[in-house]
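Sequences listed follow chains U and W, in order. Numbering-wise (the working numbering), the first sequence opens with residue 475 and increments by one. Numbering-wise (the working numbering), the second sequence opens with residue 6 and increments by one.
Calculated from the structure, these hints are not laboratory results. A portion of the hints provided could be inaccurate.
Unchecked claim - A few chain U residues facing chain W, derived, Cβ under 7 Å:
hint : residue
1    : A657
2    : N661
3    : G670
4    : E770
5    : A893
6    : Q896
7    : G898
To be verified - PhoX-like, lysine-lysine: derived pairs with alpha carbons at most 25 Å apart:
hint : chain 1 : residue 1 : chain 2 : residue 2
8    : U       : K902      : W       : K73
9    : U       : K762      : U       : K835
10   : W       : K185      : W       : K297
11   : U       : K762      : U       : K861
12   : U       : K835      : U       : K825
13   : U       : K902      : W       : K112
14   : W       : K112      : W       : K238
15   : W       : K113      : W       : K73
16   : W       : K297      : U       : K691
Said to hold, decoys possible - To give a feel for the contact side, a few chain W residues facing chain U, derived at Cβ under 10 Å:
hint : residue
17   : D102
18   : Y123
19   : K155
20   : E165
21   : N173
22   : A191
All values derive from a computational prediction rather than experimental measurement. Ideal Cβ placement from N, Cα and C applies to all residues, glycine included.
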Amino acid sequence: MSLPPAKANPTKAFFVRMITRDISLSDCILDLVDNSVDAASVRLGSPPTTLDQEPDYSPYRIDIEFSADRFRVRDNCGGISLDDATDYAFTFGRRDDAENDPYSIGVYGIGMKRAVFKLGETIRVHSTYRQADGALSSFAAPINVPAWLAKPDPWDFDLEEAADLGEPGVEIVVESLHDGVAAEFGNPTFVNELAGTLRRDYARFLSFGLTISLNGKALQGIKFEILAAADITPVRTELCVDDVKVDIIAGMGARPLDDNDPDALEGIEDRWGWYVLCNDRVVIAANKSEATGWGENGVPKWHPQYAGFVGLILISAKDAVNLPLTTTKRSVDQSSAVYRATMGQTRDITKTWIEYTNQRKASLPEAKQAEATATPVSAFSLAQAPKMILPQLTPREHRRDKTISYRMEEERVRALAEAFRQPGMSPKEVGVASFEFAEQELVEDE
Amino acid sequence: MASFDTVNYSLRTNKAIQRLIVFDALAELDRCLSLRESAFIGLGSIWFTDFVLAHKRLGIQDMLSMEKDPIGASRAEFNKPFRTVRVVEAPSSEVLDNLHEDELFGKKPWVVWLDYDYGPVASVRDDIQRVVVNAPPNTVLLVTVNVGNKGVGSPSLREETLRGIYGNAVRHDAGADDFKDDRIAATVAEILSGYMIDQAIEFGRPGGFTPAFTVPYRDSAPMLTVGGVLPAKGAVSTVRACIESAEWPGFVSEPLEVPPLTAKETSALQSLLPSVGEVTEADVEGLGFRLKPEMIRSFSHQYVRYPTFVQIAL
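Build the full structure now, drawing on both the sequences and the hints.
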């Protein structure tokens, strides 16, 4: 006797209420930006995301605006055609017959839906696109989430005719924001954090002329720079795994700290570690964990002594399915063959840096002298160099340091910081400055 | 040396005006939050000026003054103006960590005024966080800090220092100009308000934080009072309506910089007010003396709160 099959269909509520929990609010917004960037890339002929390419993104812009009441993203990157909308753009997960655009960032076909569901309950996706005859055409998908959830199958969204946006592009408006989202959108700290993330994660595209504005202000991409001098050369090497190309660039992003205490890093912008870019979009930033090899396979765990190191792993794949991306694009699939092969290359680079900082402790004046002539150069314009070259320091016996530690009333520490005319000094800095002051006053020069 | 050893806070002109602005605003807020049921928490020093106003203007009964200096605490205990003022000899960090567990103070909203005479250093940030985490719903939080060189360092160091302490609460596109003397008060106000909003979200306060006070003023140093309300979720709209009304006095755009004036000058200036148009330098010269335009403007805006000090022999 044959038994009836066990039902395994997904539910709408699962997609609306569960998958939205696996991604941060910032990363949802970045998913929408990714779609716009991918659309602009298609308009440019899908240029490879390799270091020898400098596509001109200057005609394209992505404007993000939000308040506690409303979210809106609008681009002029070409729009979604009606055919794509009916067949592909709104499906939950990429259909088997849908091909990724070459060198795209989007892979899974989930980003837009997850993002808008994460944001709120009244959604309108509005697209204007150019038809084959050159004329503009537009449509909109208004989505009332509670009504859509209450409706039995099918899962389709209704489309309706809409006015043209003025130029080909997409506008997504979300209202009836969820409480937590509305609170964050009214939080200036969230705005600043998101701005920093956009400036970093789309730095390559911004450097190619793309405009991304946040609440009316155009953002400047951060510059990835590495120090170079006669005896300081960043490494730039590459490998290919099947159809995936990986460029690895690493070196001295800044001179290491003279002080190895973890407290010394407090208040300093944390930009050291490994970065991973997939088709030019940063997915891992300033990483110091096992995900980029720290603390694994003979590489020590991260320590503040290693501050100053910057490493970039640029992974480029024509078919984004081959990128080691996770669905949130905030991590990598460490089991992928391409990523494993990459980690095999980065291990020695990380160890070279660690060894240099060990030597540097023992030969600090010599190291500082050697580093003094180094100047920043763009990490993306470096020539190929198979090894990271750092100053060759004369081996010395390790300087014998002693730790002085004492407790002092907070008010007195603060008053002394003010007396040093630097009220923002950390207690540790006050301690060091006090020692140096006393030494200068009381210890005779040799 | 504690600042109360050198300064009688009740006699500073702009400090006094700032205090009256804050209490005028609290009186407005009292209409929707019934502040008389709150407890007043402050750094009372030995003068207790705020405590007297809290009791007499707002009807607040239960008050607590934090004083970490043993001699200061002993003098505060001696000088406390009402039986219901409790003086606690402990640093603010310790008090604010535990006050929510207190049988009396843990059960009612607070009006907490952290009136520091130093800058927005890390310990100030941490005290703000303690209040945001621990304060009962419908608490009013006020913080006063020094925004001069002594408080925030020299202009070239300010951005790095403040970004180090407050992180993303510093505007992402803030530049060197925002940390210069003429803009630093507005910048610090934005940072502290942003930090309070962020912490209220971070620690899941259902009503969030509603900014309600920005009062820059100048005594011997440029100072700034920033604050707002940590409302219960059900009180958010009422509090916002109160603060967004045109009469809300808690937001002052230009630093209070009224000069100390003689009784004769005060009286003469008052004779020109209220005025439909701005009182001009020529108007004042017509009275027989001269003042800077910003001083005239500040006095014109605040003359109803301008204090008159007299010396009496006891």
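Now the hints, each set against the structure:
1. Restraint check, A657 of chain U versus chain W: the minimum CB separation of about 5 Å is within 7 Å; hint holds.
2. For N661 of chain U, the interface hint holds, the least distance from its beta-carbon to any beta-carbon of chain W being 5 Å, beneath 7 Å.
3. Restraint check, G670 of chain U versus chain W: the minimum CB separation of about 6 Å is within 7 Å; hint holds.
4. About 29 Å separates the beta-carbon of E770 of chain U from the nearest beta-carbon of chain W, more than 7 Å, and the hint is not met.
5. Of the supplied interface hints, the one on A893 of chain U is violated, with its beta-carbon coming no nearer than about 10 Å to a beta-carbon of chain W, more than 7 Å.
6. Against a cut-off of 7 Å between C-beta atoms, the interface hint on Q896 of chain U holds, since the closest Cβ of chain W lies about 6 Å away.
7. Nearest Cβ of chain W to the Cβ of G898 of chain U: about 3 Å, under the 7 Å cut. The hint holds.
8. Distance restraint check for K902 of chain U and K73 of chain W: the Cα-Cα separation of roughly 23 Å lies within the 25 Å cut-off, and the hinted pair is therefore satisfied.
9. Restraint check for K762 of chain U and K835 of chain U: the C-alpha separation of about 21 Å stays at or below 25 Å, so the hint holds.
10. Under the criterion of a C-alpha separation no larger than 25 Å, the hint pairing K185 of chain W with K297 of chain W is consistent with the structure, at around 22 Å.
11. Straight-line distance between C-alpha atoms of K762 of chain U and K861 of chain U comes to about 21 Å, which keeps the hinted pair within the 25 Å bound.
12. Distance check on the hinted pair: K835 of chain U and K825 of chain U sit about 16 Å apart at the alpha-carbon level, within 25 Å; holds.
13. As the CA atoms of K902 of chain U and K112 of chain W are separated by approximately 39 Å, the hinted pair breaks the 25 Å bound.
14. A threshold of 25 Å between alpha carbons decides the hint, and for K112 of chain W with K238 of chain W the separation of about 17 Å falls inside it, so the pair holds.
15. With a CA separation close to 24 Å, the supplied pair K113 of chain W and K73 of chain W stays within the 25 Å bound.
16. Of the supplied pair hints, the one linking K297 of chain W and K691 of chain U is violated, its CA atoms being roughly 37 Å apart against a limit of 25 Å.
17. At a threshold of 10 Å, the smallest CB-CB gap from D102 of chain W to chain U is about 14 Å, leaving the interface hint violated.
18. Because the beta carbon of Y123 of chain W sits about 6 Å from the nearest beta carbon in chain U, less than 10 Å, this interface hint is met.
19. Hint status for K155 of chain W relative to chain U: holds, with the closest Cβ pair at about 6 Å, below 10 Å.
20. At a threshold of 10 Å, the smallest CB-CB gap from E165 of chain W to chain U is about 8 Å, leaving the interface hint in force.
21. For the restraint placing N173 of chain W at the interface with chain U, the shortest Cβ-Cβ distance is roughly 4 Å, inside the 10 Å limit, so the hint holds.
22. Because the closest C-beta pair between A191 of chain W and chain U is about 13 Å apart, greater than 10 Å, the hint is violated.
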